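Following the hints, put chains B and C in place on chain A, whose structure we already have.
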Amino acid sequence: MSFLSLAGVELRKTRRSGILWILVIPVFLIWLTAVINADINFTIGNEGISPENNFFIQSFMGYAWFMFPASIVISTVMLVQTERKNKGILKMLALPVSAARLCLVKFSILLLLAAVQMFFMTLAYFPSAAIASRIQDYNFMLPVMDILREAGIIYISSIPMAAFFWMLAVSIQTPIFSMGVGMASIVPSVLLINTKIWFAYPMCYPFLMAASRMHELASNMGTFAFELMPFIPVAVGCTVVCLFAACIRFGQAERR
Amino acid sequence: MNIIETYHLTKEYADFTAVADLNMHIRKGSVYGFLGPNGAGKSTTMKMFLGLTKPTKGRFTINSNTFPRDRMKILREVGSFIEAPAFYGNLTGEENLEIIRKILGLPKSSVSDALELVGLTQYRKRLARKYSLGMKQRLGLASALIGRPPILFLDEPTNGLDPVGIHEIRTLIRSLPKKYDCTVLVSSHLLPEVELMADDIGILNHGRLLFEGNLQELRQMADFEGYPSDNLEDTFLAMVEEDNRKRGAGK
Amino acid sequence: MTSALEWNKLKRTGFFPAFLAGGLLAAAAPVVNIGARPESFVNKQDSPAVILMGANWQLMSMLLSFLLIIGACIMYHTEFADNAMQRMDTLPKRPESLFFGKCSVLLVLTAGALVLGGAALWFCGWKWFSADRIFTTEIWKSMGFSFAMFLPLLLCMTAVSSICKNMWISLGIGTICLFMTSILQNGGGILSYLPFMMPMKVYPNLNGAQAVRCLIISCGETAGFGLLEIIYFKIRRNFT
Numbered sequence: 000m001s002f003l004s005l006a007g008v009e010l011r012k013t014r015r016s017g018i019l020w021i022l023v024i025p026v027f028l029i030w031l032t033a034v035i036n037a038d039i040n041f042t043i044g045n046e047g048i049s050p051e052n053n054f055f056i057q058s059f060m061g062y063a064w065f066m067f068p069a070s071i072v073i074s075t076v077m078l079v080q081t082e083r084k085n086k087g088i089l090k091m092l093a094l095p096v097s098a099a100r101l102c103l104v105k106f107s108i109l110l111l112l113a114a115v116q117m118f119f120m121t122l123a124y125f126p127s128a129a130i131a132s133r134i135q136d137y138n139f140m141l142p143v144m145d146i147l148r149e150a151g152i153i154y155i156s157s158i159p160m161a162a163f164f165w166m167l168a169v170s171i172q173t174p175i176f177s178m179g180v181g182m183a184s185i186v187p188s189v190l191l192i193n194t195k196i197w198f199a200y201p202m203c204y205p206f207l208m209a210a211s212r213m214h215e216l217a218s219n220m221g222t223f224a225f226e227l228m229p230f231i232p233v234a235v236g237c238t239v240v241c242l243f244a245a246c247i248r249f250g251q252a253e254r255r
Numbered sequence: 000m001n002i003i004e005t006y007h008l009t010k011e012y013a014d015f016t017a018v019a020d021l022n023m024h025i026r027k028g029s030v031y032g033f034l035g036p037n038g039a040g041k042s043t044t045m046k047m048f049l050g051l052t053k054p055t056k057g058r059f060t061i062n063s064n065t066f067p068r069d070r071m072k073i074l075r076e077v078g079s080f081i082e083a084p085a086f087y088g089n090l091t092g093e094e095n096l097e098i099i100r101k102i103l104g105l106p107k108s109s110v111s112d113a114l115e116l117v118g119l120t121q122y123r124k125r126l127a128r129k130y131s132l133g134m135k136q137r138l139g140l141a142s143a144l145i146g147r148p149p150i151l152f153l154d155e156p157t158n159g160l161d162p163v164g165i166h167e168i169r170t171l172i173r174s175l176p177k178k179y180d181c182t183v184l185v186s187s188h189l190l191p192e193v194e195l196m197a198d199d200i201g202i203l204n205h206g207r208l209l210f211e212g213n214l215q216e217l218r219q220m221a222d223f224e225g226y227p228s229d230n231l232e233d234t235f236l237a238m239v240e241e242d243n244r245k246r247g248a249g250k
Numbered sequence: 000m001t002s003a004l005e006w007n008k009l010k011r012t013g014f015f016p017a018f019l020a021g022g023l024l025a026a027a028a029p030v031v032n033i034g035a036r037p038e039s040f041v042n043k044q045d046s047p048a049v050i051l052m053g054a055n056w057q058l059m060s061m062l063l064s065f066l067l068i069i070g071a072c073i074m075y076h077t078e079f080a081d082n083a084m085q086r087m088d089t090l091p092k093r094p095e096s097l098f099f100g101k102c103s104v105l106l107v108l109t110a111g112a113l114v115l116g117g118a119a120l121w122f123c124g125w126k127w128f129s130a131d132r133i134f135t136t137e138i139w140k141s142m143g144f145s146f147a148m149f150l151p152l153l154l155c156m157t158a159v160s161s162i163c164k165n166m167w168i169s170l171g172i173g174t175i176c177l178f179m180t181s182i183l184q185n186g187g188g189i190l191s192y193l194p195f196m197m198p199m200k201v202y203p204n205l206n207g208a209q210a211v212r213c214l215i216i217s218c219g220e221t222a223g224f225g226l227l228e229i230i231y232f233k234i235r236r237n238f239t
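Residue numbers (numbering that gives the first Met the number 0), protein chains in the order written: chain A, 0 to 255; chain B, 0 to 250; chain C, 0 to 239.
Same shape as in the complex, but just chain A (with noise of 0.2 Å):
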């Protein structure tokens, strides 16, 4: 069975789990608030950010640091336990497919949830800018190059956070635990970020190419730039050690 119509079967799994509603709920909240609270990007002190700037990469930094995580953490939990809940996962296994190549369909459906939340995060921006500009009058529509470009490097850089925890959550068996210890090393990235060793957490990489951003677009602030190396082979390696490592645990327990 080729991978693509495996992750069609796995799609389907997906059904009636609410999750679309899990990856729409905190977006929603995120420009909410964000068009509640337009008034204070003009309040902003000595940053010598623009308001428009300032809508922008608040919103996608406070997703990029905590939203956008959980949200993959709650997603992998929900995709192991569909499988453990009723047991699904023991038919699989007595399926003619090999267990590894199951556990990496199911990371690429969590890469694609990933992906749906940074869409309508994305689409999200634009009626909120105009709302927001209306309610201000003053124009917080960024370019959408600007935005796709923004959403595009935040999004390719969880990978290897996604599969980290991945790894997390086929290994652990309680779905409580699994989530607790996905989303408690969430919270500390804010602290890695600004040590010298932040290219070997993961969790640190979505965060801080919005911080990154946010840097660039204050004249103020300073640069906060990064090396590409050791950043990238790290970033691989970990990937690959995750995802390995996922693959191995996948169903272990149920083959015990």
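Be aware that a few hints might be false.
To be verified - Derived lysine to aspartate or glutamate pairs resembling EDC-like cross-links, with alpha carbons at most 20 Å apart:
id	chain 1	residue 1	chain 2	residue 2
1	B	K53	B	D20
2	B	K178	B	E82
3	B	K177	B	E76
4	A	K86	C	E95
5	C	K233	C	E95
6	C	K8	C	D81
7	A	K84	B	E82
8	A	K86	B	E82
9	A	K195	C	E38
10	B	K178	B	D198
11	B	K53	A	E253
12	C	K126	C	E220
13	A	K84	C	D81
14	A	K86	B	E192
15	B	K27	B	D161
16	A	K84	C	E78
In case anyone wonders, no lab produced these hints; they're calculated from the structure. The structure displayed is predicted, hence computed values, not measured ones.
Here is chains B and C on its own, set in the frame of chain A:
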């Protein structure tokens, strides 16, 4: 000709032996009743056949395929129903079978065929989590029967069914070898049930095979060993009790 | 009695290791933060307590809040998962006592986690700021104050968990509210007194009147949630 054979098959866990030195022989086209009290090792044996757990010692062949080399080949030829029914609660009965159909690459009609076989056609659009215990059991059976595989492993398939359901499923299992030319390994802890379905019987206790043969041979053995043979339920109980007594004495 | 039973029910649920691990993680935050770049903090003009709490409390309180949310969810999940709740309801025992029993367990563990956090902050003060007795008093006062600030969240989350049979809903509510807190935390006004915002308050940054106001509001919210829960049980008894 035997379609399934095991050679000194053993499964040991840290603190106990689930299956000990098992030598089974299942004839092609027969219904093999795998009998034993709870915890005797029936499910573990079936799980080993499906590659869900690795044998500690020994080996087995299924249709001349060996594990682990031909695991995928084995799984393609086997329909299984292990322990409690396994399904996705957020999907309907039909959607659950559709997933298995796609993975096995079966024609579309096989879903309705399997639903028809187990009598779930009218409930096919209902969510599986809303099924009653018996309906879940039937869905599990349908997922084993889909595509009419040549070999079937059914682990206590009548659990949770009402008397009418038990009768229906028994009749279905009994008819399978003739209808679809398949071999069935069915486990149970109730001898009267196995008696009504099986051609051959294997009796397992604490992981050891106490008896293998047909009903006639079981009666002869009972006479020979001095177990009661008028009622096979009594024969079974006496055998298990005797084995337990010997084990107790051994310890 | 009820409280002791609640402790027993949590055996082998991973609840206690989770609290220990979460408490240690929150306590590790200031040590790692200050240890990694002491030069950014030691030369500041403020008092050590203000510097340390300012630099770390946001992260620590967020981790502890999350720990409380998970803890409350696990406690009621053990009741709902295998229908134990149904059995509890058929015993001659009031659901209110079950609720307050669970709250008392969470109270003790929150206090324990705060002691760990306080010890870590005290260690940082001793190691990098050569802190004195005034600092020690200030830190333990801060932890005592924070304990009171956690009370509304504790009752609120236990109440939410007792209402939602599906653990994912209560956990989702907790996570989203906590996230909104992280967005709104810089805004003042009435929003800063919401149960999810209260733990973020930094004691050394408040003057006497502000601290007293926070304590009064915290007590009011705690009593309010307790009362709402009792009313909820009364309604449930009469209408289900």
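Tested hints:
At most 20 Å may separate the alpha-carbon atoms for a hinted pair to count; B:K53 and B:D20 meet this at roughly 14 Å. For a cut-off of 20 Å, the pair hint linking B:K178 to B:E82 is broken: about 25 Å separates their Cα positions. A distance of roughly 17 Å separates the Cα atoms of B:K177 and B:E76; the hinted pair therefore holds under the 20 Å criterion. For the suggested pair A:K86 and C:E95, the alpha carbons sit about 36 Å apart, so the restraint of at most 20 Å is broken.
A hinted pair counts as satisfied when its Cα atoms are at most 20 Å apart, and C:K233 with C:E95 qualifies at roughly 9 Å. Restraint check for C:K8 and C:D81: satisfied, since their Cα atoms lie roughly 13 Å apart, inside the 20 Å limit. With a CA separation close to 14 Å, the supplied pair A:K84 and B:E82 stays within the 20 Å bound. Note on A:K86 and B:E82: the hinted pairing holds, with a Cα-Cα distance of about 10 Å set against a maximum of 20 Å.
About 15 Å separates the Cα atoms of A:K195 and C:E38, which keeps this hinted pair within 20 Å; it holds. Restraint check: the Cα-Cα separation between B:K178 and B:D198 comes to about 16 Å, which is no more than 20 Å; the hinted pair holds. Among the hinted pairs, B:K53 with A:E253 is consistent with the structure: their alpha-carbon atoms are about 11 Å apart, no more than 20 Å. Among the hinted pairs, C:K126 with C:E220 is inconsistent with the structure: their alpha-carbon atoms are about 38 Å apart, more than 20 Å.
The hinted pair formed by A:K84 and C:D81 meets the criterion: a straight-line CA distance of about 13 Å does not exceed 20 Å. Restraint check for A:K86 and B:E192: not satisfied, since their Cα atoms lie roughly 26 Å apart, outside the 20 Å limit. Under the criterion of a C-alpha separation no larger than 20 Å, the hint pairing B:K27 with B:D161 is inconsistent with the structure, at around 30 Å. Pair hint A:K84 plus C:E78 holds up; C-alpha atoms about 18 Å apart against a cutoff of 20 Å.
Of the numbered hints listed earlier, those contradicted by the structure are 2, 4, 12, 14 and 15.
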